[in-house]
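Peer 1: Note that the numbering used here numbers the sequence shown so that position 81 is 81, with each residue one more than the last.
Among these hints, one or two may not hold up.
Label-pair ranges, simulated between beta-carbon atoms [claimed, not checked]: (1) A114 x S236: 35 to 45 angstroms; (2) P283 x V213: 43 to 53 angstroms; (3) P151 x H235: 38 to 48 angstroms; (4) E84 x Q311: 20 to 30 angstroms.
Once the Cα atoms are required to be at most 20 angstroms apart in a straight line, the calculated DMTMM-like pairs of lysine to aspartate or glutamate come out as [said to hold, decoys possible]: (5) K315 x E131; (6) K199 x D220; (7) K233 x E215; (8) K234 x D202; (9) K199 x E227; (10) K333 x D316.
Hints are computed from structural coordinates only; laboratory data are not their basis.
These figures come from a predicted structure and were not determined experimentally.
Note that beta-carbon positions come from the ideal geometry of N, C-alpha and C, so glycine has one too.
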Amino acid sequence: MSVSIKDVALKAGVSTASVSRVLTNKPGVGAKTAERIRKVMEELDYRPNLGARGLVKQNTGNIAVVVPRGSFILNNPFFSTVLEGIAKGIDQTDYNMMMSFTSSQQKRLLETQAVDGVILFAPRNEELSLEWLESIRLPIVVVGSYLEGSPFPCVRPDDEDGIKQAVDALYQLGHRNIGIVNGPMSSMHSVRCLNGYKKKMDELGLPFSSENVFEIDEFDALKATTEVATFLKKHSNITGVVCSSDYLAIGVIKAANMLGLSVPKDLSVVGADDVPISDFITPALSTVHVDLLGIGQRATSILMNMLEGKQIRKKDVVFKMEYINRSTTDSPKHN
Numbered sequence: 001m002s003v004s005i006k007d008v009a010l011k012a013g014v015s016t017a018s019v020s021r022v023l024t025n026k027p028g029v030g031a032k033t034a035e036r037i038r039k040v041m042e043e044l045d046y047r048p049n050l051g052a053r054g055l056v057k058q059n060t061g062n063i064a065v066v067v068p069r070g071s072f073i074l075n076n077p078f079f080s081t082v083l084e085g086i087a088k089g090i091d092q093t094d095y096n097m098m099m100s101f102t103s104s105q106q107k108r109l110l111e112t113q114a115v116d117g118v119i120l121f122a123p124r125n126e127e128l129s130l131e132w133l134e135s136i137r138l139p140i141v142v143v144g145s146y147l148e149g150s151p152f153p154c155v156r157p158d159d160e161d162g163i164k165q166a167v168d169a170l171y172q173l174g175h176r177n178i179g180i181v182n183g184p185m186s187s188m189h190s191v192r193c194l195n196g197y198k199k200k201m202d203e204l205g206l207p208f209s210s211e212n213v214f215e216i217d218e219f220d221a222l223k224a225t226t227e228v229a230t231f232l233k234k235h236s237n238i239t240g241v242v243c244s245s246d247y248l249a250i251g252v253i254k255a256a257n258m259l260g261l262s263v264p265k266d267l268s269v270v271g272a273d274d275v276p277i278s279d280f281i282t283p284a285l286s287t288v289h290v291d292l293l294g295i296g297q298r299a300t301s302i303l304m305n306m307l308e309g310k311q312i313r314k315k316d317v318v319f320k321m322e323y324i325n326r327s328t329t330d331s332p333k334h335n
């Protein structure tokens, strides 16, 4: 049998109104009394009736996590790790987490106001438009790079600087012909990664060649393998490759093996994000680390502040990246 607010009030020796004030963080209850009420709630394992609270407060008690390209994203360790951080953040609140994967689910969920706020995994240019997202009038926080000029708070890695660090690490090892394997340019993440690659090549005095840039239409290791193998075979003078995701880097390593190339003896490979599997594959992947769990938790924290009516002063929250040297990088053979 579930514990009611009346049960809590009776055991704590207070009115139900006092319990309600503690639940909603409203003034009018002394600190010692509030502490006693919270202790009773913990003892009785009391869980607020979010449905009833929603009727009073005119909210739903639900947070939407909107995931474009859902089936792919759930297989990508970058997104699944950030999602773990979001879940941990929501666990610290009274909200439920609702996920949607298809455009029809997303529109139905948001247009019907079935949630109080949204955490949105950065959509591509051709997906959910700014105009439509603004029209639903819900608090929204974006995870990952999104359209320039977006009015929504965004929490993302410093992907441009991460790629610059990756290029510099290969340069310091003696590599001078460095390629990049990137995702689709409809993704702002890919745009930032390419910008970082170009800028660092210029800073190091290395010539930029579009021939050394390989763009794939999705951040998919399996899809990348055969296409990247063709790219590597055609550009055999490339001695080091930076990738805009660890998932792509895994595909590059497999492609190199298909061609009989040894990593890192014949080809050095650097990923991005440092997903959990990066340190467990053989050889262990050199990459640029970012706090993926922290990104998810920070996005949740910002959304909670928005729901409480707090002003969000910093709209673009950028997490630093740091190069991690492992076993997929070495000096080029000719050195």
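Peer 1: Failing hints, ascending?
Peer 2: 1, 2, 6, 8, 9 and 10
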